[in-house]
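Let the hints inform the model, and build the full structure from the sequences given.
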Amino acid sequence: MSSLLILGLGNVLCADDGVGVAATVALLRRYQPARGVRVLDGGTLGLSLLPELARADAAILVDAIRADGPPGTLVRLEQEDVARAAISRLSVHQVSVADLLDGASLLGRCPPRLVLCGVVPESMELRLGLSPSVAAALPALIESVLREAAALGKPFRERRRKQNVSVDDDIHRLLGL
Amino acid sequence: MTHIVVDPVTRIEGHLRVEAEVDHGAVTDAWSSSTMFRGIELILKGRDPRDAWLFAQRICGVCTTVHAIASIRSVENAIGARPPPNARLLRNLIQSAQAVQDHVVHFYHLHALDWVDVVSALSADPAKTSSLAESISDWPLSSTKYFTGVKARLKTFIDRGQLGPFANAYWGHPAYRLPPEANLMAVAHYLEALDFQREFIKLHAILGGKNPHLQSFLVGGMATPVDPDKQASLNTGTIAKLRVLINKAHDFVSRVYIPDVLAIAGFYKDWAGIGAGVGNYLVYGDYPDGDEPGAPLFFPSGIIRGRDISKLERVDPLRITESVKHAWYDYRGGDDTALHPSQGETQPHYTGPKPPFERLDTNAKYSWLKSPRYDGQPMEVGPLSRMLVAYVSGHPQVKKHVDGALSALGVGPTALFSTLGRIAARAIETIVLTEKMQSWLDELGANMAGGDLRIHDNSKWDPATWPKEAFGAGFHEAPRGALGHWVHIKDGVIANYQCIVPSTWNAGPRDGAGLRGPYEASLLGTPVHDPEQPLEILRTLHSFDPCMACGVHVVDVKRREIVRVRMQ
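Chains as they are written, first to last, in this note's numbering: chain Z, 4 to 180; chain D, 892 to 1459.
What the hints contain is simulated information worked out from the structure, not anything from laboratory work.
All values derive from a computational prediction rather than experimental measurement.
Where hints are given, some of them may not hold.
To be verified - Label-pair ranges, simulated between beta-carbon atoms:
{"hint": "1", "chain 1": "D", "residue 1": "Asp-1029", "chain 2": "Z", "residue 2": "Arg-79", "range": "47 to 57 Å"}
{"hint": "2", "chain 1": "Z", "residue 1": "Arg-58", "chain 2": "D", "residue 2": "Arg-1205", "range": "45 to 55 Å"}
{"hint": "3", "chain 1": "D", "residue 1": "Ser-1145", "chain 2": "Z", "residue 2": "Glu-55", "range": "24 to 34 Å"}
{"hint": "4", "chain 1": "Z", "residue 1": "Glu-55", "chain 2": "D", "residue 2": "Asp-1120", "range": "26 to 36 Å"}
{"hint": "5", "chain 1": "D", "residue 1": "Asp-1333", "chain 2": "Z", "residue 2": "Gln-35", "range": "41 to 51 Å"}
{"hint": "6", "chain 1": "D", "residue 1": "Asp-939", "chain 2": "Z", "residue 2": "Leu-177", "range": "16 to 26 Å"}
{"hint": "7", "chain 1": "D", "residue 1": "Asn-1349", "chain 2": "Z", "residue 2": "Arg-160", "range": "46 to 56 Å"}
Ideal placement from N, C-alpha and C gives every residue a C-beta, glycine not left out.
Here it is in structure tokens:
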């Protein structure tokens, strides 16, 4: 069975830099992933995420990205453009994402399908929580991840009841996610 | 005279800047500056000393564990707690795993590209690469087919116009001297080392619950239950898993890392005469091989001064002081005082230029690192210091490997006082540790089998058992060198806390007497072919394994725009 990795990236301590993580956390609260889908808070782990990436047939990265357009603008990149953007256009943790993608491609282990769902950040200063423009774009960002997953044959289902409270959940709330 | 600024751009962290004057093709002076304030010492004041290690460990996420170890030792020293043998063994295993992983990553991922020209690897003949690889090691990944595959992936990668991890180096620089085949072999091992290090450090996840920042330390021992027969404990199964990891590490280090270092060093023997620096070497010693106070240390302590290996001095920690003459701190007694860390002060006071700036005023204060001194002298710390002191002490395993490396390269012991010496010493330390780890694991297994399941001394856990006031010092040989934590406990809480970390010894600025720190001194006389591409400066700086992301191959030479450099 094919597998899909959805990877939220960024540093939640640096405001909008953490939007990728915020999106995956919010996504999991409301939606149930299909079988073969793994949703992961990749933080700023960089190369340590290589085994996760290597075993996926497709990956959707969710991240803050520098691009034309005002803060909150959604950006979609795929395949080669993702690695290219990682070098110059992702945020504070850009080098760690570039490391990950470069390592995967040098080792011949990059997933055949790669999509990035990004949003233009407003602020990357050292604080918890998203800026208003990025917080406003969060539902649309989540929608775009859901669409990409569906297009890859892995649609999410809306949860019938609220996700059980876990230790992770407490931590996420503490971090304002 | 050209003024060069090497200000490495950070990955996530990273805060080392070096300014150097170059005249007639050689460095005539250098200044090392850390551009970031640490301040964990201030965060620790007023806290429960039993919690200190959790905070202190966060000083660094690269050499994780080291500040936890130094911290618990300082508190144990203050309150008189005595970790039992199993805790000592677990700590030795955790520490040595840290060193092994860190050294492999340093050599392949942070330093090799100063010596290995990746672009040249594209013109290598895979068949000749295979012969070369088979001539230096019996490592199985050495076929023509294997190197053909690596070369093809590298070519696809570089043809795409993205050098990625290989960007921002000085490919084609005349100081690169390896033949294309050696370059291709090294690139293949660079990639293999990515997998090796990630697999090996599972040892930390097994013993510490997670990596980085292990969670199983405890003042007085470890928080890891040991019992050969219990599922929820460190049991016989765990020992078996650890043994597999340690054996794999020994395999990789003895059949890949060591042969690579010797092969590469053979082409760069002139670097055995460059980069020595202060020539004083300090080692606190570590890896206790017994449980009584004063038990022998697997890596012995000692001091070598002025590159004189005929004499070994005892270490007296009371002779350590720190100066803030050139550091952005105030001392109550003024800039001309030098304080022992037990009386140390952390009062940050930035007086440098407002960033971004072109140049530091190096006549005034110019670093966030203080200047640690022993007997008023700068000291180099790290694997080279440790291997020198062990060698001079007659340590059998160290002696065997050092003599082996020296004779393979056809050089004498003085070649160790150099940039190349640091690289060789780090590799030798790695293999000595992978050999020793097996016996610590055996000892742990034997203790457990014999029914000794003690893991924690809780006789001093209750603060009611502590003196009203106590001082403690905790020493550790971290991958990058001698690490010390000093704690002052009063009424059950931390009254004062000071750390002197290895990179402060090595990268610190000039002191009150104007003496250069080890980085600064090591650069004097370094040849620089092209000031716009100061590869030679990086070689010596990186040989110290700077813990400040200086290892990153991203360099902003003065007035060049960073992003533009990155995209080249």
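Here is what the structure says about each hint:
1. D:Asp-1029 with Z:Arg-79: 47 to 57 Å: About 50 Å separates the Cβ atoms of D:Asp-1029 and Z:Arg-79, which means 47 to 57 Å holds.
2. Z:Arg-58 with D:Arg-1205: 45 to 55 Å: Holds, since Z:Arg-58 and D:Arg-1205 (Cβ atoms, about 54 Å apart) stay within the stated range.
3. D:Ser-1145 with Z:Glu-55: 24 to 34 Å: Taking Cβ atoms as reference, D:Ser-1145 and Z:Glu-55 lie about 30 Å apart, which means the hint holds.
4. Z:Glu-55 with D:Asp-1120: 26 to 36 Å: Once the Cβ atoms are compared, 34 Å apart, the range 26 to 36 Å for D:Asp-1120 and Z:Glu-55 holds.
5. D:Asp-1333 with Z:Gln-35: 41 to 51 Å: Holds: the Cβ-Cβ distance is about 49 Å, inside 41 to 51 Å.
6. D:Asp-939 with Z:Leu-177: 16 to 26 Å: Cβ of D:Asp-939 to Cβ of Z:Leu-177: about 22 Å, so the range 16 to 26 Å holds.
7. D:Asn-1349 with Z:Arg-160: 46 to 56 Å: holds, 50 Å
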